[in-house]
Amino acid sequence: MSAHALTNRESLLAARIREETGVKVAECYQCGKCTAGCPMARWMDISPNQIMRNLQTGDEADENRLLSCQALWHCAGCLTCTQRCPKGLDPAAVMDVLREAARRRGTVPASARKVLAFHEAFLKTVEDFGRMNEWPLVARYKLATGDLFADVLLAPEMLLKGKLPIVPHAIRGREEVRRIFRESRKKEKR
Amino acid sequence: MKACGYYPGCSLAGGGVELDLSIREVSKAAGVDLREIEDWNCCGATAAHCLNHDLAVALPYRVLSLAEEQGLAEVLAPCAACFSRLKGTNLRLARSAELAGRVRAVVGRPYGGGVKIVNVNEFCGRLAAGGLKDKLSKPLGLKVAGYYGCLLSRGEGIVEGEDPENPSAMDAVIRAAGCEPVSWNFSTECCGGGFSMSKTEAVVELSAAVLADARAAGADLVVTGCPMCHSNLDMRQRSMGSEGRGMPVLYLSELLGLACGLKPEALGLNRHFTDAGPIASPLSVRGERRPSECGASRNTSTPGGR
Amino acid sequence: MTFEPRITAFVCNWCTYAGADLTGTSRLSYAPNIRIVKLPCTGRIDPLFVLKAFEGGADAVLISGCHPGDCHYASGNYHARRRWSLFRKLLAFTGIDENRVFFSWVSAAEGQKFANLVNKVTEQVRAAGPFGERNLARRRL
Amino acid sequence: MRRFPKYVNAGRALMARIGVFICHCGENIGRTVDCPAAAAEAAKLPGVVLSLDYKYMCSDPGQQMINKAIAEKLLTGAVVAACSPRMHERTFRSAAAQAGLNPYLLEMANVREHCSWVHSERAAATAKANDLIRVMVEKVRRNKALFPIRVPVEPTALVVGGGIAGIQAALDIAAGGGKVVLVERSPSIGGHMARLSETFPTLDCSQCILTPRMVEAASHPDIRLMTYSEVEAVEGFVGSFEVTVRRKARYVDPEKCTGCGDCFNKCPLKKIPSEFDAGLGSRRAIYVPFPQAVPNKPVIDAANCTMLTKGKCGLCAKVCARGAIDYKDQDRLEKVKAGAVVLAAGFELWDHSAYGEYGGGRLKDVIDGFAFERLASASGPTGGEIRRPSDGSEPKTVVFIQCCGSRDDKKGKGYCSKICCMYTAKHAMLYRHKVHDGRAVVFYMDVRAAGKGYEEFVRRAIEADGAEYVRGRVSRVYRRRDGKLVVKGADTLVGRPMTVEADLVVLADAMVPRRGAEKLAQLFGVGCDTDGFYSEAHPKLRPVETAAAGVFLAGACQAPKDIPDSVAQASAAAAKALGLFAKPELEREPVIARVNKNLCVHCRACINACPYGAAKDFEIKDRAGKLLRVVAEVNEGLCQGCGTCAAVCRSNSVDLDGFSDEQVCAQIAALE
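Chains as they are written, first to last, in the working numbering: chain A, 1 to 190; chain B, 1 to 306; chain C, 1 to 141; chain D, 1 to 672.
Everything hinted at is true.
Label pairs and their in silico Cβ distance ranges:
#1 D:V494 with B:K263: 50 to 60 Å
#2 D:D617 with B:R104: 57 to 67 Å
#3 D:S390 with B:R175: 22 to 32 Å
These aren't lab readings, by the way, just hints derived from the structure by calculation. All residues carry an ideal CB built from backbone N, CA and C; glycine is no exception.
Between the sequences and the hints, there should be enough to build the whole structure, so can you do that?
Structure representation (structure tokens):
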């Protein structure tokens, strides 16, 4: 962590964001253009500009609320906010760091469970096979969420149209990929 | 362009198989030798960069390293998400030596940073102006809404030479296919991206708005370069209201292939959820029908709930 | 006897000279090793003035003017700064340790900064020792 | 390598008769510095004929001591060792002058601020005082008599820019007894203010308060209008500028023209977009920009007139009873003499086509503030009715977007344009007055209404006139097929996105300097900030002056300003100009650079380094006028005496009076 804080209110989380993304949250002047253009804002409990604001206060309660909000998990990563931010900040990258932090601290809200489960199922599949494979991914996701019947009707047609390969493809360098996962996870646990 | 490295990415082996088929077909027609990176792995997609930063760089790093090892100076990544992850990784590695060193240790492979990543719009643009120039024999005469979505319009340093608010890379390809690019409002609005399974209602709503705007702009079909956008726009139509239904959604490479007179099945047109049949036969084959009539016939031939 | 360095300072009339005046009116004290030569602007400083100072027995030279952007003459201090980056090479060529030439910005409002600057420079030069034996021999004090 | 003479000017040094006067300043110096000892030490210095110390040198007896010594000892120079020269240099130099010694032969050694007040150890302080005195004696031995530079003052002000700031400055200068030449680029004076509908916060009709001023300026005997003219070149310096003005071809003889209007009523080219009406209305190829124009004489737009482009038509000449039309008219250059200059170059609106997310300038119903002013103006293209440019319908929902290009580091300008909050409130208010069932939605970031009656005005727009203020920046505006403009904004106070379907969108574009403003600044040696606004000499204490002596600023060319601020600054600039005119001559310190033309090798280093453009090429010619060689020369009037040229000179041919190489080197050598 950097010894020198940008402002005397800069929290450890804000400092981490600065280091990982170059975004100084103190520079946000709360114009709201990120919220205005966000396609997912309607499904967010805290709007993107408020996410930035909660990082500015340096208040622990604000930070905790932020890390347990579902908005983080409803960001589609479409970069509209980043593209249009008049301060040249990168809220989309801030979201990435916050999601990582929320998962590390175990503060992912129940309402975002499905999103997280999907991401985790995705990565588990990649870890196992080296690639994403639809069957194992869907199976894992459904087991994790208990959401057994959603989209079941799509499957037969996908099969029929050759969009669901029946035999999962595993790459030769699986061991290499697993090593990448192992090594990357070390940082996650830090 | 005689040869080009190829990174299909996971989607193209599954839900995005039409993109893979059509890319291979048009490349063949243009005389471009696609060299698939051997033993490539997943780029990590949205999941990795949502959950683990290092992983989000390390997975693409292995792909880039393999490509370099296999002597591929340029790699086509047709999937917009893969393109964004691979090129973004290139950028981040170039910006931070510290990161490059760390990731090298994580992956245990060298990478010198010399692999250029090309997206589907750039690739199709080059084919249309190059190898396919004399083969675009079947002008389709359709009104086409070029849909860039997020990853082929935004991202500083990743999507190059493009006005992010008013992108135009697809226009030349659409015109080369004998079609008219329509001016519409939602060409860069998000379709809901990776929330297809986990937040389906959002995807249905956002994708329906995209399709509705394309329809209002008079488009006969929508073309895209992103398998994720494609699956949202194509497969989710039956959950939408009437404003979203019955709009064929093709890959840009499919459109290009059709204009070259390639067989629709070979390009994967029969694999879409929303029937693209009526537009599959070029104008010259269909006789003197004007695009608007063809649009009308499209509506009748696409039953809402199959 | 401990070594007392001799420091020649070239300062501009509008910022640093006035800043040094403020140090005085504020009754802040600093090491008495400095001798100020006033010029209209740091832009007036010919590199040879600096060499001349060393030739005359100075152990260090301090150059101080207005902050960048605040020059009374619009851009004189920029010229001085640019010239200084070239002058470093000349110093190396003549065998003068470039650490014996100090460059600073002191505004008319920075009395304390001027005192600190002089003390810091004096300390550093005292630690570094006399510029040359020859000079020491010629010293009047 | 250049060599510095070690024993320079030995002859003069030998003849030197220098007096040293050491002040105790009560106890201030005497407590720390042993003044009698210092005086004894100074007496030993070569050329010193007298050395005294005294309790208070600046007192009357002290000064008389100096006077007496000068007279009796026939001093050729004097050193007063006392306080800082910033304190008493003037005092002692005038004393010397009274006694017949050229004041520039007296120097001060600063033994108080730089010695006794900052050191406590007596021996060290005395030693330092000795050094400081010795240094100054060595300098004075080489001082030359200098004489203040006198420059005659031409009591005429050149005012560049005929907007409200330029008009106000011209009127004030003329009222104070000066003469004025007012240069305006466009065919009429009046500037942007003539285009406004009503003004905040009083809703005065803009033209009603402006046009009397325009007429007054035109009819004032001491104000000469040069409209449709531009400054082409500037020579000279404060007190005597010589400015070349390009009088653009009008193709209409203003002497003959009566302003009857027959020509422009007959001109067949009717569809040229009117600049005055922000493109919403049209004008002819021969036109006056607006009906109240001053002078009310038309010009021909050479780019559009078919007679001038293709030699076809000639209708205006046929209908002109006075024969005022002259298709052969050409640009003329005219020289104007002026003692002072007021730059009032004004502003323009930032081009919002960089905002692709707001339609990139392609959407007809997304307009800027001036276009709205013209829509709201009774003399505008719609007669004061608010209409959509696309279809002429009355908009029922108007969205106003503030900070378009302002406070935007990425695509626009980092600064706040200061006036947009107010004119947007005015627009919303005017719209609600005109369209009673219409919605006015204002997207803002902060409302900055610092001014007399301003905050009350904004509150009135909200509370009495029902403007809907929403705090948030708009992300996107697009036109739906049905013609509605979809505005995707946010309400950050509630914390949610907010979409408004609008009929008209008004962007409060940032204020930026006029195109060409930078070139004008260069002509006059005025600096610009990074945004291109003119730099004042000091941001706090000299907000009207520039770094160029005799050139003053008025209005929005210096920074975004509203009308009252522009007018106030214009009056201040006028006062500065009149201050210059108050004396027939200017007197300046003689610290200036000189070029030894025999030594100059014309490397141009001084010319490139001079911040004032005072160092210039000089052609040496023989009697027959044949060019012998080119050297550098310093213009006394422009030189401010920084000495940068002397330091960069490679042939040792430039020197600075008062701080010559010889003097400085002698000072350095005295420290040995």
